[in-house]
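Asker: Read off the chains here:
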Amino acid sequence: MSLILNILIDGVAYGMILFMISVGLSVTMGLMRVINLAHGGFAMLGGVVAHVLMSEAGVGYVPAALLGIAATVALAWPLERLIYRRIYGFGDLQQVLATIGLTFLMIATVNRLQGSTLLALPLPGGLAQSVDLGFRTLPLHRIVVIGVGVAVIIGLWLLIDRTRFGIRLRAAVDNRATAGAIGINTGLIYSATFCLGAGLAALGGILGAEMLPIEAYYPLRYMVLFLVVVAVGGMGSFAGSFAAALGLGLIETASRYLVPEYGTIFYFACIIVFLAVRPKGLWGRLA
Amino acid sequence: MTRLARIPFAAEALLVLVVIAAFFAFPYNLAFVTRILIMVLFVLSIDLVLGFAGIATLGQAAMYGTGAYAAGLFAVHVTAAPLPGLVVGMVAGAILAVVSGLVLMRTKGLTLIMLTIAVAQICHEIANKARDVTGGADGLRGIRMEPVLGLFEFDFIGRTAYWYVAVVVFVVFLALRRLAAAPLGLSLRGIHESPERMTAIGAPVYRRQVLAYTLGGGIAGIAGALAAQVTQLVSLEVYSFTLSAEALIMLILGGTGRLWGAIVGTVLFMTVHHVAASADPFNWLFLIGFLVLGVVFFLPGGMIRLPAALMRLGRRS
Amino acid sequence: MTTGLQVRGLQKRFGGIVVADDINVDLPSGARVALIGPNGAGKTTFSSLITGKLTPSAGEITLDGRDIRPMGEAERVRAGIAKTFQITTLFRDLTVRDNLRLAAQERDGRARAWFRRADSWADVEDEIAAQLAAFRLAPLGDKRVSDLAYGQQRLVEMAMTLMLKPRVLILDEPAAGVPSSDSHLITDAIERLPDDLAVLIIEHDMKLVFRVARSIIVLVNGRILTQGAPEDIAADQRVRDLYLGAHHG
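Quick mapping for you: the protein sequence lines, in order, are chains A, B and C. Its first residue numbered 1, the first sequence is counted upward by one per residue in UniProt numbering. Its first residue numbered 1, the second sequence is counted upward by one per residue in UniProt numbering. Its first residue numbered 1, the third sequence is counted upward by one per residue in UniProt numbering.
Hints were generated in silico from the structure; no laboratory data involved. Being a predicted model, the structure only gives us computed values, none of them experimental. Ideal Cβ positions, reconstructed from N, Cα and C, are used throughout, including at glycine. Fair warning: there could be bad hints in the mix.
[To be verified] With a Cα cut of at most 30 Å, we get these calculated BS3-like pairs of lysine-lysine: (1) C:K143 to C:K165; (2) C:K165 to C:K53; (3) C:K165 to C:K207; (4) B:K108 to A:K280; (5) C:K53 to A:K280; (6) C:K53 to B:K108.
[Unchecked claim] Stretch by stretch, here's where chain A covers chain B in the computed footprint (C-beta under 8 Å, at least three residues): (7) 108-116; (8) 235-248; (9) 288-300.
Let the hints inform the model, and build the full structure from the sequences given.
Answerer: Next comes the structure, spelled out in structure tokens:
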């Protein structure tokens, strides 16, 4: 019983982190048709900025996290304007290469400034504690992660379902050319979406540092993890990303608890079988 | 290049001369030049899969690594004769490619790229977990090779290793040149250009993609086997994403689909790496990042198109 | 035994929507049949059912009496059913000759040969030269397809398809996108197609249809409204109302 509960809590929390980091990737792929292998870099950058603020300037966890997210968005904006905008028209392979190049630059920058050691994001005293639920105790951090994840999902849903921006975004994902033709400023939508995705990745990177520790090689080390969420969920689908992130989080956590020796192998085998049967993912718009 | 192509075998002869010249030019760096040659072979395997057949892959290391482990284990447990080891490496790489290819070739685009990475990661994980067989993170040790063909002993300086590798790479290169000009090469380029049209002329596109992937896997397996035999060590690094990515960068740097691009790109990349990384490993990553972006943005055809691009520029100004 | 392509009671449903219903068509050797009808009548669906891109919900398709429904797309091409696309689909970065070579080597089943040069089969090279000459493409043989004008590309596509030596040829809007100054090239080429070939032309250009077709099928809402000789179709009031009227007002 307690094992199942552990798997459930850890798996859902892990899934939420995967969702926050990957959702931006999925939407940029669905919207701009760009394969952004550097996306994990935004999660790392958020974490690195927060780490520096906390360890060198003594800033508290929450303000450091917020500043980390802000700094990532501030970097993502010009990056989208100057580099990514040119990448959109490229073929798959050129996109992959360009974004690998960017990934290397991000790694090199962090490596140069902070070295290749783990960059700790110590939780504030309160978060590191456990909460007593009466019948058992749970780490508060996991609960907070799940809470933030739920808030993010509700926020995204409201944004996409209820706002003008959301309507335009959906129109652009469905059909870029038509959206442009009926006067939607697709350029602005691209920028805004890209920055939103980068910001959410930074949030996920900071909150998830317990599970996916921040370090210079982070974008390469966890790249497959994020890509898998997009591929399984189907590009450009919020619901798909969420379902995939949650499902994959649970499967990986469960296999780590139950078959620790072969967890990774089992996990990837599941994914390969799934994608062989459904190459477009759960809610795929395009292959 | 075009003038060279008109004289039969002029290009091949040039290549032989370069290989001979390199032997005398770098007597104290033979190990490094050997590594370049092995890398050329590996990049050629990607050129076959990606440059010709148009199969986007970031996981070619899976076949390279499997060839390396297969040849290493074969040398340790069966026989230390090099040539049978090469065959074993090739077969192992081809088998992995055909098995994974049957699944992978059903997908395309991002899903395909991602699954190729995933296959390499699974291999990495299996090699890591099977410590009893592979040595896990410590690497597979105790490889002692017998003389090549029973005649040429592997020496301390690496002369035999150099010639051994050079001959193997040259033979595979010639075979690929034949293939490129033959119906199979034409057919793979056709699939690259328009799978739809290939189907409409009756070609079994999926089966042929699997075939291309398998051939590429076999060649990557040979490259891995050479690496295992020459360095007498196989580490988990053979499955690393960085290996696949860097090899892909070398190919794009040189230019895809032309075989020569694989050679030019690899030599260039490895040389710059050698110089830059020994100076400062962190700066190296900066350099490679900018290099990749530069090629993608300004020289999409690769270095092999550089003369033509410069000529166009000159004519315009 | 019946020869050529025979379609009996062909039906295709997507969920509850019937897009092709009870279609019967005969394409014997030498046939020149045009398939016309307004947009959305099901012309492309019908051609996709023949080529194997779609699987029928009911009905039979036979080639020389042999059921071809279990065959995949590529397999049907090898069995003798070839098509040209509505939008020219060629190997744009290859030369015209290489395009034709590719078709020939698939036809002859030697596409996996890897040692001999692709251009070293003398009989095939002669055949390619003859085919290019027949389409008046001979001077363009070594040009890259992407360097040709669109009308010429259409001709390359037809030449390439003929290299397959098909029994049945489906031309999907062969004149679409070709400037009217060049459309006579297409008409001429169709008129010179081998006599024993069964040809199905899907086309909007009525001038072309009435010039080359010996029989016309009118498709409306997935069903055959009528079929017959061109002069009968031209005289049919329903067709005039439905289709010709709309185009030639």
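Asker: Now look at each hint and say whether the structure bears it out.
Answerer: Hint by hint, here is what the structure shows:
1. C:K143 to C:K165: It holds: about 24 Å lies between the C-alpha atoms, which stays within 30 Å.
2. C:K165 to C:K53: Holds. C:K165 to C:K53 sits at ~21 Å (cutoff 30 Å).
3. C:K165 to C:K207: holds (27 Å)
4. B:K108 to A:K280: holds (10 Å)
5. C:K53 to A:K280: Given pair C:K53, A:K280 holds - Cα atoms ~19 Å apart, limit 30 Å.
6. C:K53 to B:K108: It holds: about 19 Å lies between the C-alpha atoms, which stays within 30 Å.
7. 108-116: Per the Cβ count (7), the hint holds.
8. 235-248: holds (count 4)
9. 288-300: Holds: 10 residues of the region 288-300 of chain B have a Cβ under 8 Å from chain A.
Hint violations for this structure: none, all hints satisfied.
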